[in-house]
Amino acid sequence: MIDSLCDQVGDGDIAVVGLYCDFLAQQEQTITNIMGAILKQLVFKGGIPEDMREAFQKGKGEFGGRGPLLEDLMRMLRMAISSSPQVSICIDALDECLPKHLPKLLKSLRDIVQESPRTKIFLTGRPHVRGAIQRYFTGVVVIPISPNMDDIRSYLDMRLDQDEDQDEAMDNDLRADILRTILDKMSNM
Amino acid sequence: MLLQCCHTSSHIAPLFSALPTETITPDTTPNCSAVYTFNQYFGQSAMAQTTHTHSVNIGDNNDRCGNITGSFNNIFNLSDGDAQIMRWLSPLEPQNRHQSVRTDRLGGVGDWLLETREFREWRGGEGGANKAVLFCSGNPGVGKTYLK
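Protein sequence lines correspond, in order, to chains A and B.
Add 50 to a position in the first sequence, counting from 1, and you land on the number used in my numbering.
Add 464 to a position in the second sequence, counting from 1, and you land on the number used in my numbering.
No lab work stands behind these hints, which were simulated from the structure alone.
Now the stretches of chain B that chain A is said to cover, found in silico as 3 or more residues with beta-carbon under 8 Å:
1) 555 to 568
2) 581 to 588
No more than 27 Å apart at the CA atoms, straight line, and that leaves these computed lysine-lysine pairs for BS3-like:
3) A/K108 / A/K154
4) B/K595 / A/K154
5) B/K595 / A/K157
6) B/K595 / A/K150
Label-pair distances were calculated between CB atoms; the ranges are:
7) A/L119 / B/G545: 16 to 22 Å
8) A/D215 / B/G545: 50 to 56 Å
9) A/N238 / B/R587: 31 to 37 Å
10) B/A547 / A/R225: 46 to 52 Å
11) B/D544 / A/E218: 56 to 62 Å
12) B/D568 / A/S237: 20 to 26 Å
13) B/G545 / A/R225: 54 to 60 Å
Note that the coordinates shown come from a computational prediction; the quantities given were computed from them, not determined experimentally.
Don't be surprised by glycine CBs; every beta carbon is placed ideally from N, CA and C.
Model the full structure from these sequences, guided by the hints.
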């Protein structure tokens, strides 16, 4: 999705930023780290602003090095977003975010949208996070993603073509058998 | 990598031009297309800028897709101080995961989504607090991450 949005941008006026939530990295995917990662991608665009340097120097000097506070990050994020005509934020696998982080994340995203209404947010996740999203964005548009048989067929074709362990046993019948069996199972998902 | 390219980053531009062609192995082929896209977007003026090049290897805890291709994926063309500020902002490096996803992705997969009315309206709409969010909902393994 990030690539599609980037491809459609073309003129460089629109920034697309993204993040993959990951249950293996839940502990470090705190709200500050997530917002920091989004901000970091935006900062690549215009260079590091002076107030960010100051905040960094200030944080470095406190308690032997203190990380940014959420309110600092949100302030810098607002500035970075306002200097771009449009920002799209893509976050994958919201359900893999720790439940205690999710409401804060959604609230922060809502704050961003309220502050900068042109901002667009693209989220993916398992169906059960829909309710949480709707609590913060009542007008959320939902697209159900189900296995797309054409996509799966082309993927299987590619994998079978690339299979290095192929021997004489593989022929068109076996290939058709494999495709049919897997597609049958997928259609029941 | 394209993720960063979209950000008109003059910081990483010299990285591409400075990258010796012999380091582009077959494994990094997808990155080559990113370079072309980058040039196409931002042209030679950005490429002409030079800044101090510094390699920073950053641990990536946001990657479970195994091998990350390309030697310059973990290299940021930042001064020491700027790299420190980036680390300070967040230890997360989503572009690493993004690169492995786009490398593993099969062309055309998920294109149907781009044609849906919902996506088009979200993409072309005015946004605003109520229409800002598009949520792709699906069970594990249906391919949400790999939508292009």
